[in-house]
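Make a model of the complete structure from these sequences and hints.
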Amino acid sequence: MSGPRPRLAFALLRLLAGSAASAALEGDLNERYAHTLQRGGKAAATMWLRREILRSIAPLARERCRSMYAAHDALRIAVAAVFGYVVVVLGAVAAAAFSLRPAAMPPFSLVASAAMYSPLGFAGAVLVFVVAGAAVALACGRGAFRSAALVALITAVVGAAVASTPSGSVFAEFGWRFALPLPCLLAGCLAVTSARTVARR
Amino acid sequence: MAKGDYLGEFEQLVMLAILHAGKDAYAVAICDEIVRRTDRDVSLGAVYATLERLEAKALVTSRLGEATRERGGRPKRFVEVTPHGMSALRESRKMVRGMLAGLSRRWGLE
Numbered sequence: 001m002s003g004p005r006p007r008l009a010f011a012l013l014r015l016l017a018g019s020a021a022s023a024a025l026e027g028d029l030n031e032r033y034a035h036t037l038q039r040g041g042k043a044a045a046t047m048w049l050r051r052e053i054l055r056s057i058a059p060l061a062r063e064r065c066r067s068m069y070a071a072h073d074a075l076r077i078a079v080a081a082v083f084g085y086v087v088v089v090l091g092a093v094a095a096a097a098f099s100l101r102p103a104a105m106p107p108f109s110l111v112a113s114a115a116m117y118s119p120l121g122f123a124g125a126v127l128v129f130v131v132a133g134a135a136v137a138l139a140c141g142r143g144a145f146r147s148a149a150l151v152a153l154i155t156a157v158v159g160a161a162v163a164s165t166p167s168g169s170v171f172a173e174f175g176w177r178f179a180l181p182l183p184c185l186l187a188g189c190l191a192v193t194s195a196r197t198v199a200r201r
Numbered sequence: 001m002a003k004g005d006y007l008g009e010f011e012q013l014v015m016l017a018i019l020h021a022g023k024d025a026y027a028v029a030i031c032d033e034i035v036r037r038t039d040r041d042v043s044l045g046a047v048y049a050t051l052e053r054l055e056a057k058a059l060v061t062s063r064l065g066e067a068t069r070e071r072g073g074r075p076k077r078f079v080e081v082t083p084h085g086m087s088a089l090r091e092s093r094k095m096v097r098g099m100l101a102g103l104s105r106r107w108g109l110e
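First to last, the sequence lines map onto chains C and R. Per my numbering, the first sequence runs over residues 1 to 201. Per my numbering, the second sequence runs over residues 1 to 110.
Some hints could be false.
[To be verified] Chain C is faced by these chain R residues, among others (derived, beta-carbon under 8 Å):
no. : residue
1   : Ala27
2   : Arg40
3   : Leu44
4   : Tyr48
5   : Ala49
Calculated from the structure, these hints are not laboratory results. Don't be surprised by glycine CBs; every beta carbon is placed ideally from N, CA and C.
If you want it as structure tokens, here you go:
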């Protein structure tokens with residue numbers, strides 16, 4: 001191919017297209033570039049090449065993410081867990097705002113208090129999150145988004161219960177409460193994924 | 001038909017373009033077929049991404065051809081529709097026909 005070759009763009013395409021397809025894609029771009037060069041001149045060919053590369057990045061990147069997401073259990077689980085965690089935070093913020101109103105306290109907040117302020121309840125909360133994580137890992141089959149929705153639902157319900165204590169200083173305690181679900185979820189996911197890996201062998 | 005075998009609109013276009021292009025079907029020819037027959041401007045990247053997806057579903061297969069000088073020493077990637085791909089395509093067309101049945105006269109859909 002004669003003319004300027006946008007090295008960075010080609011490197012990006014190589015990365016996105018994967019090793020098998022990138023050589024053919026480069027060849028196709030070279031072929032089309034030469035064709036446009038003959039018909040419209042160098043400026044038109046260069047313009048075409050830049051436009052084509054720019055237009056190709058988004059679909060290739062999307063496909064790359066999709067295939068990685070589908071192929072790797074760990075990535076799928078991590079996305080599900082992070083997605084669920086975000087929903088926990090949102091649910092907890094909403095529940096915290098709700099619990100600041102005196103009329104809204106019992107009986108919901110009694111359960112939450114028991115869960116968070118007694119050692120047994122704390123262990124129970126941890127267990128619930130671990131079980132939720134394990135459930136996500138088990139559900140992570142082909143329907144990755146469904147499993148993300150599942151963890152979101154479980155963690156939103158549990159997270160909302162945990163966060164809606166009657167304490168007026170709910171916001172002061174945000175930090176450690178929200179630090180709890182994620183490692184527990186990941187621990188559950190990790191346990192199930194490891195068990196699956198061992199079982200496959 | 002398994003859930004993952006349902007074809008999207010662009011996937012159908014690409015598979016039909018492969019059939020039109022015949023045994024010399026590769027991304028440039030597929031792009032040309034789609035542009036010529038639908039007047040829809042498609043990028044090579046979009047075609048490659050779709051081919052990757054179709055190949056992962058075993059609806060198409062690909063092989064690399066010879067590297068040529070005019071292509072900067074890069075090979076062509078020839079693709080063809082598998083028997084499984086053909087049945088997925090037939091099923092998709094059947095579904096569309098089923099949905100269109102009875103609408104043609106009233107709405108002018110064919």
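Original post:
Does the nearest C-beta of chain C fall within a distance shorter than 8 Å of the C-beta of Ala49 (chain R)?
Top reply: Holds - the Cβ of Ala49 (chain R) comes within 8 Å of chain C, reaching about 4 Å at its closest.
**OP:** Hold the hint about Arg40 (chain R) up to the distance rule: shortest CB distance to chain C must be less than 8 Å.
**Re:** 13 Å, violated
Original post:
Can Tyr48 (chain R) be said to touch chain C, with a Cβ gap under 8 Å?
Top reply: Tyr48 (chain R) check passes; min Cβ-Cβ to chain C is 6 Å, inside 8 Å.
Subject >> Interface hint status, Ala27 (chain R) versus chain C (Cβ within 8 Å) >> reply: Check passed: Cβ of Ala27 (chain R) comes within 5 Å of chain C, closer than 8 Å.
Original post:
Does Leu44 (chain R) pass the interface check with chain C, least Cβ-Cβ distance below 8 Å?
Top reply: At about 5 Å, which falls below the 8 Å cut-off, the nearest Cβ of chain C leaves the hint on Leu44 (chain R) intact, so it holds.
Violated hints amount to a single one, hint 2; each of the other numbered hints is respected by the structure.
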